[in-house]
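Visitor: Spelled out from the first residue to the last, the chains are:
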Amino acid sequence: MSSAAAQRPNGLALFILPSALLFALFFFLPIGLMALMSVLTGNPVVAPKVAFTTRHYARMVDDPFYLEVIWTTIRIGLVTTLVALAIGYPLAHWMARIKSRTGHALLLMAVLAPMLTGIVVRTFAWMTLLSDKGVVNQTLMSLGVIGQPLKLMYTETGIVVGLVHIYVPFMVLTLTGVIGRIDERLEQAAENLGASPLRAFLEVTLPLSLPGILAGSLLVFALAISAYVTPILLGGFQIMTLPILIYQQISANFNVGFAAALGIVLLMISLGLVVAYNRALGLVSGQRELQ
Amino acid sequence: MQTTASHSPSLAAARQAAPARTAGSVRHYGRYLYLAVNIAILIFLLAPIAIVVVFALNPTPFIQFPPVGVSLRWFEKFFASRDFMHALGFSLEVAVLTTIAATILGASAALALARGNLPGARLIVATMLSPLMLPAILTGLALFQTYVLLDVGRPTWGLVAGHTLVTLPYVVRTTLAVLHNFDTRLEEAAQNLGASPLRTFFEVTLPLIKPGVLAGAIFAFIVSFDQFPVSLFLVSPGNETLPVTLFNYLKFDLDGTIGAASVVSIVLAFVVVIGLDRTVGLRSYVKL
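Residue numbers (my numbering), protein chains in the order written: chain A, 1 to 291; chain D, 1 to 288.
These are calculated hints, taken from the structure and not from any lab test.
A quick note: this is a predicted structure, and the numbers were derived from the prediction, not measured.
Each residue gets a CB set at the ideal place from its N, CA and C atoms; glycine is no exception.
Incorrect hints may have been included.
As the list claims (entries may be wrong) - Here are some chain D residues the structure puts well away from chain A; computed CB gaps all over 12 Å: (1) SER81; (2) LEU92; (3) PRO211.
Unchecked claim - Below 35 Å or equal to it, Euclidean Cα-Cα: the simulated DSBU-like pairs (lysine-lysine) are: (4) D/LYS77 with A/LYS133; (5) D/LYS251 with A/LYS133; (6) D/LYS251 with A/LYS151; (7) D/LYS77 with D/LYS210; (8) D/LYS77 with A/LYS151; (9) A/LYS99 with D/LYS210; (10) A/LYS151 with A/LYS133.
With these hints in hand, go ahead and build the complete structure from the sequences.
Guide: Following this line, the structure appears as structure tokens:
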């Protein structure tokens, strides 16, 4: 910090105001209103008599369908996170340890390319791969491996595959930073003392990268449970998740109050994850002050 | 024993290690397995993008594999479609407005956070980055409800405000990264030499933080251009962004037009990213 002596805000502090205003008007106010709407019987602007109610939340608890939706959302999030970790770790490790600059740049491009492709486009790509007449089924059938097309789309598996593809770059980028900071000489020391590369990895690198695993997993989980496009297109409107249900309540049922209550549930899950993520990041980079 | 480079299981190391047979073949198999797994993962990451290009060029009006030929008919259909062209134009408009707003707000916020001696700066940074972690669909829902309650309709500025909220964190982060890395004595020196704070800002601080601000701006543009969940709630029928139009099209049709539209947006994103890499360098800004 520039002048540690003067801890009072200076003139530059005023530059925070426009962003503060944006957040107040377009973030805190709307989320506050959403919380309010979730405990009201109707829209206070158009409806004449509006009272407080807990019925939106009661509906969620009473009807097993909604609990099932919440559980499906969390289940898809968990499986996506685990698979993204299993796929992301080797790639992150390679990226962190590769010596050649060009190699690193190419790997980085390969990881960033899917990120820059847009969720709708990537979901379309998986539809062309996984549908009954898609690439995977056509290839397997022409090779004679299967006689009937496999049901890959409109299943949870299909959704997970699509979500993993979309969110694994976040896992890789989080892990690469952490693995890159682990001193390579620790692994070398373990190997010089007779450990196999595998054992050196399992007993040295893996435990030291645990904070990154935690941070990456929380990030991917938070993103996966709030996904909308991929579950709806790859699930073919047959598998219901929380974001799909929320949008349906708004667009088809016009039930703003119930949508708000569902939103608050999703918000609570996410807030819990944000707190955990910040803790994990704190573990990752105790030395950095801001961000 | 191999002692140096071979401990790092990288491509280069594997190549160096290859002639040294004494270390035992198990170790080599391990390294080949490591490479094989990683190459499989890269294929998983990149194949879907390649497939999109294949379908954009394949002339049949339904998904067919292997492709039967090469044609540009889907590109013609895409560029001839009034809906798609309108959506593309609207997306670009929203992305440009969002980039301007997010860059100005984000860069000034970062400046205040790094130089303003603000109390609770850590908490403010965490708050400003929170739209990255909170489900964007919630931001869309909450803004939608607010606009309904305030009876403002679905104006373009409302959409831009939503996009600015979710792109601001990128600008704040890249600008903060630069601000933390440069020597504040440069600013002090300018002031000691008689420059006013304003002149110091424009002649010293701004040129130095420019790469970070620029990187953030480009991220903001790409994120806004591809943004879906916030737009889903805030666009009005007939005035939709490209991702929303693509999504609505995908619900009913699965022909090559989507592929062509995808290729156009991929190319656009890549042009922007290559521009980013050429001007400021990617590597230092993508750390999460």
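Visitor: Checked against the structure, which of the hints given earlier come out wrong?
Guide: Those not satisfied come down to hint 7.
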